[in-house]
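Enquirer: Letter by letter, the chains look like this.
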Amino acid sequence: MKYERALIAVAIVVFILVLSYAVTLGAMGSTLPPRDLRLLAKLYLWLAINPWTRNLTVMSPEAVTSIVWDFRGLDTFFETAVLYLAIIGTVAIYRGVYASSKSREVPISEDEVGMSPIAKSVTKITLPIVIAVAVAIALHGHLTPGGGFQGGSTAAVILLLVLVVFSLQYSIRMGITKGSTLALRSAGLLGIAVTSILVLILGLLVGCQSFIFQNQPKAYAPVGVPAFLDGMLVSGTLILFNIFECLAVAAGLTLTFILVLTHEEEIRSVMKGDRHE
Amino acid sequence: MEVLVLTLMAIVALLSTVATYLAITERDLLTAVIYSALQSTAYAIIFYLLMAPDIVLVYIPVAVGLYPAVFIVLIKKSERYEGG
Chain A
2 MKYERALIAV
12 AIVVFILVLS
22 YAVTLGAMGS
32 TLPPRDLRLL
42 AKLYLWLAIN
52 PWTRNLTVMS
62 PEAVTSIVWD
72 FRGLDTFFET
82 AVLYLAIIGT
92 VAIYRGVYAS
102 SKSREVPISE
112 DEVGMSPIAK
122 SVTKITLPIV
132 IAVAVAIALH
142 GHLTPGGGFQ
152 GGSTAAVILL
162 LVLVVFSLQY
172 SIRMGITKGS
182 TLALRSAGLL
192 GIAVTSILVL
202 ILGLLVGCQS
212 FIFQNQPKAY
222 APVGVPAFLD
232 GMLVSGTLIL
242 FNIFECLAVA
252 AGLTLTFILV
262 LTHEEEIRSV
272 MKGDRHE
Chain B
367 MEVLVLTLMA
377 IVALLSTVAT
387 YLAITERDLL
397 TAVIYSALQS
407 TAYAIIFYLL
417 MAPDIVLVYI
427 PVAVGLYPAV
437 FIVLIKKSER
447 YEGG
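One line per chain: the protein sequences are A and B, in this order.
For this note's numbering, count along the first sequence from 1 and bump the result up by 1.
For this note's numbering, count along the second sequence from 1 and bump the result up by 366.
Calculated directly from the structure, the hints in this document are not laboratory data.
One should not assume that every hint holds.
[Claimed, not checked] A short, non-exhaustive set of chain B residues, derived as facing chain A with CB atoms under 7 Å: (1) 415; (2) 420; (3) 424.
[Claimed, not checked] Using C-beta positions, here's what the derived DEER-type ranges look like: (4) B:381 / A:128: 26 to 34 Å; (5) A:267 / B:375: 45 to 53 Å; (6) A:122 / B:381: 46 to 54 Å; (7) B:438 / A:233: 38 to 46 Å.
Just so it is clear, CB atoms sit at the ideal spot from N, CA and C, and this is done for glycine as well.
Extracted from the complex, chain B is given alone in its bound form (with noise of 0.2 Å):
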């Protein structure tokens, strides 16, 4: 059992890595709000099977809901795709 949450973990540990690397080459800025929510998604997992529900509940909210939010907001007032 304690192997099967060890080995989930380095697999969404692993994703978020890739999501992130995604997030910052990323030239459309809403892809990459996108992307930067689904390393959120993985590190709430993690928070999860690390047994800290405390930081999940507010990490979901904040990360997933109100972080993206923000930044779409700041999106559409400004540009939507990174110059050069």
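Pulled out of the complex, with its shape left as it was, chain A reads as follows (with noise of 0.2 Å):
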């Protein structure tokens, strides 16, 4: 049985070499991409940070967030509209489990629930360090590589930590329940919508044309956000997408995680009716 399995282990490793050789040899077709892709990469790039072309640039230093955030940024909206309908859906699922009904009700002490105290203690350690790391990654996304999904997700990782070492009890007396974190995803994900609207409705308070994410003035819609806050670059809309993105990814990710965690007998004594909030 193990040799049967290392053979077809064996088996694929070489099949891919061969397929991986071949392609590169030219059995797809040309290797490059086609020349008028490249032409688009060039413009991106060319456009991503260009102080003499402002009705054109994004004034953003990291060529991918300025595509993310600006060039394609409908195409983020709906992808993070995608993430969000499956939180939603797991929210939907668990509806009337309020995860911090019983535990209320018990005061509990940090030793009495949790894990190990070493557990503990170098999660203490870890805690800022990760949430400084991830806050960075969020707030200089327009800057070097990174952005708000990045940082919500490295901030998502270490609160996952919080509730599995020190037990979904305690860090529900903590302040890390389902009110909170559903706020808080709500104020990242309307925080989303307003930046993607605001030169618009700077354009119709001036009376001027605008649109929907738009960050610096275009030729025909001289209004934007301003690229340089106090001599800093921003780079507009920029900053304020990384934060919003990073609070709902954060929160939203932790909510999903204090759903999943809760016991089963809550959830089945909510399902089979015996209490609901």
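Using the hints, put the two standalone chains together into the complex.
Expert: Structure follows, in structure tokens:
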């Protein structure tokens, strides 16, 4: 049985090696992307930060973030919507299960629940470090690789660790509840929605043409969010999008984990109809 | 230098293939999750070598942190060994 598995693994490896060698030699036609696609890439790189073409540039040295939140902003908006539909689905399945209802009544100390003191101490030390790294990734999203989603998922990992190591009961007593994460997630989503129409509102107030997902002033739409704030490069709406996305992703993923980690008995009692919120 | 990077990428890609195969055929689901995380680590290295640090930054927390965590919670709530 072991021998057979090793043989199959070697066969798959050889198959992939042969296939990739054939593709490298040109079995799928040309190996380079078409010329018109390369022109698009050149334009993106040329316009990401370019103070001499102020009505086309994003004013962000990070080409990926300028594509994600400016050139192709609507794509990212719908991508975010898909993720939040999944989280809304989780919340809808666990409806009526309010994770703090039972644990609120019994006062518990930190030592009674959760893992060993070693795990707790390590988590306590790493918590501020990881949160700082996550916030740095999100706030530097328009300058260095990273962004809101990256920062948010990094923060969600350490919050998940807190939920597991300190136990769900204790975390809920510390304020990481379904309600608080739901509120933070909604605040983040609302921030993204408002930022996407921020320049549109500005244009309506001033009385000139403007677009949704507009960042810098364009040729026929001379309103925009300032790229510099007190001499510091903030790239207009990009920093706002990154902050709100970080908040929404961290809170949304933590919310899912709170619901998934809830005890089965509690969920079963809600589904039987013994109690509901 | 470029040959070194490409060779490293090829080795890591083949390692990820083997890890994927082991993850699919493994009967102990907890071990399968570890194989899957190994495959994700290999992919993270490939993304880094392909000069996509943005993807690496989102891939490491999601594929090495959150995704195995979801599966471990679900395995704890259901069965550890695949039947049959």
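Enquirer: Indicate, hint by hint, whether the structure satisfies it.
Expert: Hints, verified against the model:
1. 415: 14 Å, violated
2. 420: Check passed: Cβ of residue 420 of chain B comes within 5 Å of chain A, closer than 7 Å.
3. 424: Nearest chain A Cβ about 5 Å off; hint holds.
4. B:381 / A:128: 26 to 34 Å: Between residue 381 of chain B and residue 128 of chain A, where Cβ atoms are some 33 Å apart, the hint holds.
5. A:267 / B:375: 45 to 53 Å: Once the Cβ atoms are compared, 47 Å apart, the range 45 to 53 Å for residue 375 of chain B and residue 267 of chain A holds.
6. A:122 / B:381: 46 to 54 Å: 35 Å, violated
7. B:438 / A:233: 38 to 46 Å: Distance hint for residue 438 of chain B, residue 233 of chain A holds at roughly 42 Å.
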